[in-house]
Structures are given as C-alpha cells and as structure tokens.
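Could you put together the complete structure from these sequences and hints?
Line by line, the protein sequences are chains A and B.
Under the numbering used here, think of the first position of the first sequence as 1, with each following residue one higher.
Under the numbering used here, think of the first position of the second sequence as 1, with each following residue one higher.
Among the clues, some could well be false.
[Said to hold, decoys possible] Subject to a maximum C-alpha distance of 30 Å in a straight line, what follows is the list of computed DSBU-like cross-link-like pairs (lysine-lysine): (1) K101(B) x K146(A); (2) K101(B) x K101(A); (3) K94(B) x K185(A); (4) K244(A) x K190(A); (5) K101(A) x K109(B); (6) K244(B) x K206(B); (7) K190(B) x K94(A); (8) K101(A) x K9(A); (9) K146(B) x K67(A); (10) K67(A) x K9(A); (11) K213(A) x K94(B); (12) K67(B) x K146(A); (13) K213(B) x K109(A); (14) K190(A) x K210(A); (15) K51(B) x K9(B); (16) K244(A) x K185(A); (17) K185(B) x K51(A); (18) K9(B) x K101(A); (19) K146(A) x K206(B); (20) K185(B) x K94(A); (21) K244(A) x K213(A); (22) K185(A) x K101(B); (23) K101(A) x K185(B); (24) K9(B) x K109(B); (25) K101(B) x K9(A); (26) K146(B) x K109(A); (27) K51(B) x K146(A); (28) K51(B) x K9(A); (29) K94(B) x K109(B); (30) K146(A) x K109(B); (31) K213(A) x K109(B); (32) K190(A) x K94(B); (33) K146(B) x K51(A); (34) K146(B) x K101(A); (35) K213(B) x K94(A); (36) K185(A) x K109(B); (37) K109(A) x K185(B); (38) K109(A) x K101(B).
Derived from the structure by calculation, the hints contain no laboratory data.
The structure displayed is predicted, hence computed values, not measured ones.
There are 2 protein chains.
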Amino acid sequence: MNKNLTSNKPIIILVEPQLAENVGMAARAMMNCGLEQLYLINPREDHLSDKAISASSNAEEILYRAKVFASLDEALHDIDFLLATTARHRDQTKTVYTADKAVNVVAQKIFDGVRCGFLFGPERTGLRNEDVCLADAIINIPLNPKHCSLNLSQAVLLVGYEFYKTQIDAPQEQFVVNHSRLAGKDHVLKFCEFLESNLDDCGNFKVGEKREKMIINLRNIFTRNQMTEQELNTLYGAIRHLLKK
Amino acid sequence: MNKNLTSNKPIIILVEPQLAENVGMAARAMMNCGLEQLYLINPREDHLSDKAISASSNAEEILYRAKVFASLDEALHDIDFLLATTARHRDQTKTVYTADKAVNVVAQKIFDGVRCGFLFGPERTGLRNEDVCLADAIINIPLNPKHCSLNLSQAVLLVGYEFYKTQIDAPQEQFVVNHSRLAGKDHVLKFCEFLESNLDDCGNFKVGEKREKMIINLRNIFTRNQMTEQELNTLYGAIRHLLKK
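Take a look at the structure:
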C-alpha cells in the first residue's frame, strides 16, 4: 500500500469529548501521524481554551482548523466511509477490523478518492450504539482484554499511527554507518591476523590444540558485527596501546 | 509469528524518568499491552506516589512490581538483547528498526529464550549516547518527521502495542452477526421478489423499459450487504407497514 502522503486524509471525529485537554492531546496525536482535519461533535469544553492549546503541544493549528458540529449527522456531510473505534462488544451486525487491517482498507478507499473518517466516543462512555450504527465498520484495537481502556488521545494515536504507516515507504531495517564505511572482509581478516600474531607473541595460545578453536571464536566475534573502517582503526589503536604497556 | 502470550516478556526500562505521573501512565500503557516488568533507572520522583498510582489507572501492580536501579549497567544484569527507542538521529553505527520490525525481531528472540528489554530515555532529553551504545539496535517509531515528539507513555504504548500484536492470533477482519444468522441467498432473493411484486402493484415501475435496471439496482442493494435473517424480517415488517398506510 505504501504511497506518498495523500491530500485526501482521513478525518478524526470526536463525539462529545468531555475535556478540552483531551481534545488538545488528540490534536497532538493527529499531528504526530500527519492527520489534519478534526471534527468535534458537541464538545463540552472550548477546544480553543488555553488548556487545549497547551495540551496540543504545538499542534494548535489542528485545533484552529477543527470544525464543530451540533450532531454527528451534520458532521457526516462530507464523509463517505466511516469507521467507529470501540473496545466493547457491540450488539450490531457489522464488520470488525483490527486497527492495522482497518487502515489498509482506508488507505485503499482514500486512493480511490473515498472520503474517510475515524469516529471516537466520549472519554467516559465511548460511542453510543446510535453513533456506531452509522459506521460502515468497527475498529477494534487489539489490546490486553483484561485492561484495554485507553484515553482518547491514545486511541487516536494508535489508529493514526497505523494509518501513517500505510502512507510511508520507510525501510523496516537499516544498518546506519556513521562517518565511515563498512570494512571489507579483507580488512577484517587482516585485522584478525594482526591480533592473532600478537596473541601468539604474548603466549595467549599456550595450549596448542586449543589454538585453532580460539582463533575461530575470535574471528567469529569480529566478522559477525559488520565493523566499519573507523571501528577497525579504533581496535588497531587499542591493541597497539595494550602492547606498549 | 503469532503465538500465545509468553511468560518471557520484554522488560520496559525507563532511564531517569522525571515525573511520577509519566511512570504511572507508562505502567498503564504496559498493562494495555500485556507487559509486566518495569525497570526504573534513577527515577527523579517516587514511582509509588499517589500521583503515579493514580496515573497508572488500575495498573498499580506494575508499579509495585517495578525494580529501581542506580544505573543502567545494573539494570542490564538479566537482559540479553536491548533495543533503544529514540526519535533523533544518533551518531552511532547500529541497526535501526521500525517499531513493527523491531517487535518481530524481539518476538523471535523471546521464542528462542533470549531476555529482551526496551529502553526509553528521560522525557525532556531522550536517551544519552552512552545509554544508546549499550543497545543491540535502535527502534525508530515512524511518525510525522515534522512533529514526532511523543510523551513517554505514548512511546511505551506504541512499542508495547506492536509487541502485543505479535503475541496474539486475532482475525484481522470479522463479520460479527448478532443474535441471528446470515440470510441465505434464497431468502434474500425471495425478499427481493416480495418487494418487487409490491412495487409493481404500487406502480413504482411505471416506465416499463426502466423496470429491469431498477430491479438490478434494488437487488444489488440487498445482496451486497450480507443481511441476517433478523434484518430481513425487519425489512419485511417495514414494507408490510408501509403497505397498510
């Protein structure tokens, strides 16, 4: 699914959030995940209060851009595909996605030009059934069933994070080499020989029959960890200093 | 990788956390993700204070079980494989994993009996280079590069959540049918015919040549959405009531 960040991004819809601070923290989580549009249904507190702005931690532009609606019905005027986030089992016939599956469905919809929204309920009670029934499907975030309560901003963060992952093309694993380049196998072998010859001189390989096994151990240590030229030079220097002593 | 929750779970190690509240929230996030063991290196505040317990939101057992160490070196006495979580680029030659790749590596190590730890730095400054250099690899959580600062508990939550996903075997998509079973195709077709014959009687298909197309539209509506027997009965009832009126 990996593609560049799209301009058609999913909308985060908070139904009757109780605390301005939580709305601010949700905005921060959205900013972390590259999401931009927040819809607030009947928020109890002012989402532009000092508390909200401060909690957003430099994501206040999302709060200023947020739209407030009196009802969920009104907010859905420009949503084509709606996913309701809920932890509890619902008495409704509907598809339930894990968060990672849900965001893949959403990423595909967005690619097809469908306008998507993620729905989150009030902090204390979660979404009402009459809100959930308006959603095309349910998102269930897989968490410890004995302790799955999240605060609002954490739920937004987990869904947003999963969505963000569908939008980037980052390598999952990268060996970062700093200010140097990997030492070639020949250089590593030369270093091993340098070390071994010095160990011979020092009498390290006293028991002859163990020499071969110890050399294999040593060579394994230094060939297994992808050393850089710089690290190899550091080791040469260290050994030369040990020899001087 | 999916396997049952293991008893050899990764340890969360917080280096010099500043606020007890953040330690409490990190414990809550651990509990959300089925993690159990918390190591605290030189915490500035008491992790068993009222503030910490309250912030843990019923995860206080993790706080009571937490072990406090004076230095990271001491804490590593029973860790074999250490991953450092850091957002900033580090001046070190090391493998950098995304969070989802990292947890797969860890899940495999744990399966092999290797004791793993996730390392998190202080809230304000993050990990020091001398802490990072003790780690086998770095975890980078993919987030909006323009706004990637997370609070401590959110970082713990994202890494813990990714790990939790490797330990469960939940279906990514499930069509949940409530108190009923899916209506067979024959029942859906019978309903369509019932509806069409009533629409014929009402004069809905006035323009004869459009009849076929409208019937295909109607049948698509009702065959696309996997109705249950209960839902079908609800529709029968609704139509019968409309006819009475």
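Cross-check of the supplied hints:
1. K101(B) x K146(A): holds (26 Å)
2. K101(B) x K101(A): This hinted pair holds, its Cα atoms lying about 17 Å apart.
3. K94(B) x K185(A): Holds, at about 18 Å.
4. K244(A) x K190(A): holds (20 Å)
5. K101(A) x K109(B): holds (26 Å)
6. K244(B) x K206(B): holds (21 Å)
7. K190(B) x K94(A): holds (23 Å)
8. K101(A) x K9(A): The hint holds at about 17 Å.
9. K146(B) x K67(A): holds (23 Å)
10. K67(A) x K9(A): holds (15 Å)
11. K213(A) x K94(B): Holds: K213(A) and K94(B) sit about 28 Å apart, inside 30 Å.
12. K67(B) x K146(A): holds (23 Å)
13. K213(B) x K109(A): holds (27 Å)
14. K190(A) x K210(A): holds (21 Å)
15. K51(B) x K9(B): holds (27 Å)
16. K244(A) x K185(A): Answer holds: K244(A) to K185(A) is near 27 Å, not above 30 Å.
17. K185(B) x K51(A): Distance ~55 Å between K185(B) and K51(A) Cα, so the pair is violated.
18. K9(B) x K101(A): Answer holds: K9(B) to K101(A) is near 25 Å, not above 30 Å.
19. K146(A) x K206(B): Judged against 30 Å, a Cα distance of about 59 Å means the pair is violated.
20. K185(B) x K94(A): holds (18 Å)
21. K244(A) x K213(A): Measuring from Cα to Cα gives roughly 27 Å; hence the hint holds.
22. K185(A) x K101(B): holds (28 Å)
23. K101(A) x K185(B): Given that 30 Å is the threshold and the Cα spacing comes to 28 Å, the pair holds.
24. K9(B) x K109(B): Satisfied, since the Cα-Cα distance of roughly 10 Å is no more than 30 Å.
25. K101(B) x K9(A): holds (25 Å)
26. K146(B) x K109(A): Holds: K146(B) and K109(A) sit about 26 Å apart, inside 30 Å.
27. K51(B) x K146(A): holds (23 Å)
28. K51(B) x K9(A): Not OK: K51(B) and K9(A) at ~38 Å, beyond 30 Å, violated.
29. K94(B) x K109(B): Roughly 18 Å separates the two Cα atoms, so the pair holds.
30. K146(A) x K109(B): holds (26 Å)
31. K213(A) x K109(B): holds (27 Å)
32. K190(A) x K94(B): At roughly 23 Å apart (the allowed maximum being 30 Å), K94(B) and K190(A) satisfy the hint.
33. K146(B) x K51(A): OK: K146(B) and K51(A) at ~23 Å, within 30 Å.
34. K146(B) x K101(A): Judged against 30 Å, a Cα distance of about 26 Å means the pair holds.
35. K213(B) x K94(A): holds (28 Å)
36. K185(A) x K109(B): Holds, at about 27 Å.
37. K109(A) x K185(B): At roughly 27 Å apart (the allowed maximum being 30 Å), K185(B) and K109(A) satisfy the hint.
38. K109(A) x K101(B): holds (26 Å)
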